[in-house]
Amino acid sequence: MEDELASLVVIFTEFYYWITIPLMFLIHVGFCMYEVGASRYKYHTHTLMKNTMLIPLVTITFFFFGWWIYFAFVNGPWIIGPLVDAPHATPWSEMMGTHMGNAVQQDGLTVADHGWWSRINGVFWAAFLLFSWTAASIVSGSVIERIRPSAFWILAILIGSVTWIIDAAWGWSWNGWMVQKLGYHDAYASGVIHAIAGGFALGILMVLGPRIGKFTADGTPRNINPHNPWLVTIGLFLIYTGFWGFYVACNIPIIDVYGGLMLDVEGKSFFSATNIYLQPTTLSAITLNFLMSLSGGLLVAYMVSKGDPFWTYSGGLAGVIAASAGNDLYHPIQAMLLGGCGAFVAYKMHYWVENRFKIDDAVGAVAVHGYAGFFGVVVAGFMLWGYPSSPFEGYATISPWGQFIGAVIMFFVLGLIPAWIVAKILHGMGVLRIPREIELVGLDINHESQRSTDADEVAQAIRDEAG
Amino acid sequence: MSTGLVDNWLNVDTFGAIYPFVGTEGFLAIVGIALWIGWHIWQIKAESTEFQQDLDNIRKQGGPGAVLDEEVSRETKDVVGR
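Residue numbers (numbering that gives the first Met the number 0), protein chains in the order written: chain A, 0 to 466; chain B, 0 to 81.
If we strip away everything but chain B, and leave its shape as in the complex, we get (with noise of 0.2 Å):
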């Protein structure tokens, strides 16, 4: 059993390719350019759930202006270094 065309070094002068599973090459491009395009699609749905939670938090919270509030009085405080 052997995974690829390399059975000895001492006729690596007549070696191409040496990585393991040559002529799959097709095979491994379409799964790359697969997994390329599946990522964009998981991080724009990612992307769009985390946004849409800031948008919750904020408006729960009472809107972008009593974030802002909420984090001056916060550095105010220095509730952390206290």
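Next up, chain A with everything else stripped away, as it sits in the complex (with noise of 0.2 Å):
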């Protein structure tokens, strides 16, 4: 690179995201102490590797395919066109390693690709990759105590590498088919993420069933309480301060967009931060929205669950989620309103799911995450009706319809219908439960065994010491 201003604008960029990604991993740090407090001590190991497992197992999944997957289905393929060429994204590109931006090797690249996707790739890759974690780990809290690890890191693979990254291409994109057709408008990931790990987590608990002594002979649901409610909540003040690294990496820090690469307006100039289908923000919006939608979902939370830390700070999630879909637009008090709203609706849902069709959803993550963020996206259809969904011309408008078919296709479509499929497999073959004996006295009976018989050695060899 040459030019001192445009090197500082790329190296900006890289650097911006890079800051993105510790903050987000925050989210995984947060995840795996809130399901490690949420389980009972006979199943911490393995609810922990549960979770830690689907880091590596999503990492290279998304190396392999789920970035090109993000490039090449924008089109769906074969909606509205057909798979489109994203040579920077396959594994076996030079893009994908360490690169100067020069000396073309590959077809497919011009140079003009390389001095951008030589910086830009790693971090914008892993930016992505924390949101599939993310996706995963909202899944893994649902499903503790019963699942067999092996099945769920299939289905982590399924949401973290596939159906998510197959719905930021659809939705979640500049040019995505539902963009330009729906008007769909998801700003910070009600739907991409949210919803679709909801409905992700509802269709294997559809397939799951509940953890044994959850519902009573007639059907009434038991309360299994978190075995440390202070670590529950710890985890989820780290999801919160993950959360504003997520918000930041779904913006683009900036663009000219009236420059040559956007709207190519002849002698004018207008440099902002934009979201993800290159609509001006600002990270002062975001922010403001952020922590007004947080308080509204806390406040609405701490009055319905009556002062229940768990759901209160479940509720300040749900606030967030439920405006994130409108978010780079919303007033604060919107934000507020809406968060509340999303909050309310999260624990209503969760116990009238439960009484209803027993769904025993561990941790309320179906709730707080599925129809907190359907409620966000339909809301946003609403509340942003007739804005123009992209800068560029031809692309459908913002409407109540076109966000309730993005809804749908996010929770049932690209959610709860692979989720189902892929879980009856499982069943099918005996391997997506763990055997029920193990489940009756704990899936971490070996280790706890060892463990026991440890610590008796040693303190039988202190006894022999001591005389």
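Keep in mind that the hints are not guaranteed to be accurate.
[To be verified] Only pairs whose alpha carbons sit at most 20 Å apart, straight line, appear in this in silico DMTMM-like list of lysine to aspartate or glutamate:
(1) A:Lys41 / B:Glu24
(2) A:Lys213 / A:Asp453
(3) B:Lys59 / A:Glu447
(4) B:Lys59 / A:Asp307
(5) A:Lys347 / A:Asp307
(6) A:Lys41 / A:Glu438
(7) A:Lys213 / A:Glu392
(8) B:Lys59 / A:Glu353
(9) A:Lys41 / B:Glu46
(10) A:Lys41 / B:Asp12
(11) A:Lys41 / A:Asp453
(12) A:Lys41 / A:Glu436
(13) A:Lys41 / B:Asp55
(14) A:Lys347 / B:Glu70
(15) A:Lys357 / A:Glu438
(16) B:Lys44 / B:Asp55
(17) A:Lys357 / A:Asp217
(18) A:Lys41 / B:Asp6
(19) B:Lys59 / B:Glu49
(20) B:Lys59 / B:Glu70
[Said to hold, decoys possible] Covered stretches of chain A, as calculated for chain B (at least 3 residues, CB under 8 Å):
(21) 53 to 64
(22) 139 to 152
(23) 381 to 391
(24) 424 to 434
(25) 443 to 454
FYI, nobody ran anything at the bench for these hints, they're computed from the structure. We treat Cβ as the ideally placed atom computed from N, Cα and C, and that holds for glycine.
Please assemble the complex out of the two chains, which come individually in their own frames, going by the hints.
Structure, rendered in structure tokens:
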């Protein structure tokens, strides 16, 4: 790179995305703490490992095919057009390794591609990857204490490296077919991460069934309380913290909106941050709206749950999720009100579904992410009705029906249905759920027995030494 | 002998990929994917073995009820802490 200003823009963008990655790492730390806190002590080791090992599995599969899907599937494919070439995103691309941006070595890549992608590809890939972990991790909590880790990891790869990234290609890219044809708008991922993950979790839970002892013989649910509520709340606090990185990663930090790469208006320049649809927004806007929607969620969740810490914290999260689809454009007080509504919807829906359908969602993930996310996508259709969904001409405008169809695609088509089908297959093969006897005595029985034996031996040795 | 295309840093403006063995990316992708699938096969077998051992132990001790009773009695006696 020879031009100082252009280099500064590229390297600033590279650094910007890099900063979001360790911040989003905290989401995963939070989910792990949350799950361990929510599980009973005889399941801790497997619960922790189940969530931890999705990190390498989703990472390598996202390298092998997830990243390519994002660019290749924007047209469906074959919904509005064919597969799109994405030579910088294949696992054999030079652009997926250390590269100085010159010397074209592969077909399909220009020198201009090299200049940009050699610097941005890795950090942009990682920012999307951390979203993938989040999607899989949301599912992880709801199925604790009875799913086989091997089955969960297959399902984690399905959502983390396949279905969520298909929905991102369709509805969370500047040229996705849902944006073009439905006017779909979901700036901070109410649908593309949360609704799909909630729907996906529900699809598994429908096949997996409840934990032993969750329901009485007449179907009345019992409370299986978190083993350590304080670890749960710290976990949720960490998820809030990581959410800052998540929000910032949804933006592109600096673009000349009138420039040649975008609207190409001669003689004019307007440098701004944009959302993923390349519509101008500001970090200030999303900071205001993030905090106000979080606050709305916390206030209402505290009220409806009568001060229950688990639901108050979860309600804060549901508040942010419910406003996220339009948090690039909402007024902060609108974000607060929608956040409150999202928390209310999540809380009420969780208990209604639990009672009516006997679904045992151990951490309320389907409610907090799925129902609040679905609500957030749909309500954005009313709030932003008539706004252009893109700066580019010929795209549909934002509408309630476009958003409703979008929410159905996220929650059901790419969430619940694929999860249900794969869970059914795994169930049919007898590898979805842990054996009943092991579930009764605790999944960590081996580890616990060994720890016990070790401790007894040490205690005996000390006693012998004491004489 | 050199594993990469970099001979010196004076002409960095002409460099493309600078990792070693440029041109082997396709092969590396095949190796990576094979290792990923192999890991799943190994893990599923290991998990089945672990569960089978757990089930054998539980049955040897008289079933899940007996294991839970033993656990309660162990906690009551507090063998470790005494």
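Verification of the supplied hints:
Between Lys41 (chain A) and Glu24 (chain B) the alpha-carbon distance is near 44 Å, which puts this suggested pair outside the 20 Å criterion. Distance hint between Lys213 (chain A) and Asp453 (chain A) is unfulfilled; the C-alpha atoms sit about 33 Å from each other, more than 20 Å. Taking the CA atoms of Lys59 (chain B) and Glu447 (chain A), the gap is about 17 Å. The hint holds against a cut of 20 Å. The suggested pairing of Lys59 (chain B) with Asp307 (chain A) is violated, with an alpha-carbon distance near 43 Å, which exceeds 20 Å.
Between Lys347 (chain A) and Asp307 (chain A) the CA atoms are separated by roughly 14 Å; this keeps the pair inside 20 Å, and the hint holds. Of the supplied pair hints, the one linking Lys41 (chain A) and Glu438 (chain A) holds, its CA atoms being roughly 10 Å apart against a limit of 20 Å. For the hint pairing Lys213 (chain A) with Glu392 (chain A), the CA-to-CA distance comes to about 54 Å; that exceeds 20 Å, so the pair is violated. A hinted pair counts as satisfied when its Cα atoms are at most 20 Å apart, and Lys59 (chain B) with Glu353 (chain A) does not qualify at roughly 37 Å.
Under the criterion of a C-alpha separation no larger than 20 Å, the hint pairing Lys41 (chain A) with Glu46 (chain B) is consistent with the structure, at around 17 Å. With a C-alpha separation of about 58 Å, the suggested pairing of Lys41 (chain A) with Asp12 (chain B) is violated against the 20 Å cut-off. Restraint check for Lys41 (chain A) and Asp453 (chain A): satisfied, since their Cα atoms lie roughly 17 Å apart, inside the 20 Å limit. For a cut-off of 20 Å, the pair hint linking Lys41 (chain A) to Glu436 (chain A) stands: about 13 Å separates their Cα positions.
Proposed proximity of Lys41 (chain A) and Asp55 (chain B) is supported: the alpha carbons are some 18 Å apart, at most 20 Å. For a cut-off of 20 Å, the pair hint linking Lys347 (chain A) to Glu70 (chain B) is broken: about 38 Å separates their Cα positions. Pair hint Lys357 (chain A) plus Glu438 (chain A) holds up; C-alpha atoms about 19 Å apart against a cutoff of 20 Å. Of the pairs offered as hints, the one joining Lys44 (chain B) and Asp55 (chain B) holds, with about 16 Å between alpha carbons and a cut-off of 20 Å not exceeded.
The straight-line distance between the Cα atoms of Lys357 (chain A) and Asp217 (chain A) is roughly 11 Å, inside the 20 Å bound, and the hint therefore holds. For the given pair, Lys41 (chain A) sits about 58 Å from Asp6 (chain B) by alpha-carbon distance, which is inconsistent with the 20 Å threshold. Taking the CA atoms of Lys59 (chain B) and Glu49 (chain B), the gap is about 15 Å. The hint holds against a cut of 20 Å. For the suggested pair Lys59 (chain B) and Glu70 (chain B), the alpha carbons sit about 15 Å apart, so the restraint of at most 20 Å is met.
Note: the region 53 to 64 of chain A has 5 residues with beta-carbon separation from chain B under 8 Å; the three-residue rule is met and the coverage holds. For the region 139 to 152 of chain A, the proposed coverage by chain B is satisfied: 4 residues have a C-beta within less than 8 Å of a C-beta in that chain, meeting the threshold of three. With 0 residues having a Cβ less than 8 Å from any Cβ of chain B, the region 381 to 391 of chain A misses the three-residue criterion, and the hint is violated. Residues of the region 424 to 434 of chain A with a Cβ under 8 Å from some Cβ of chain B number 3, which satisfies the need for three, so the listed coverage holds.
Closer than 8 Å: that is the beta-carbon criterion, and the region 443 to 454 of chain A has 5 residues meeting it against chain B, so the requirement of 3 holds.
Of the hints listed earlier, those the structure fails to meet are numbers 1, 2, 4, 7, 8, 10, 14, 18 and 23, in rising order.
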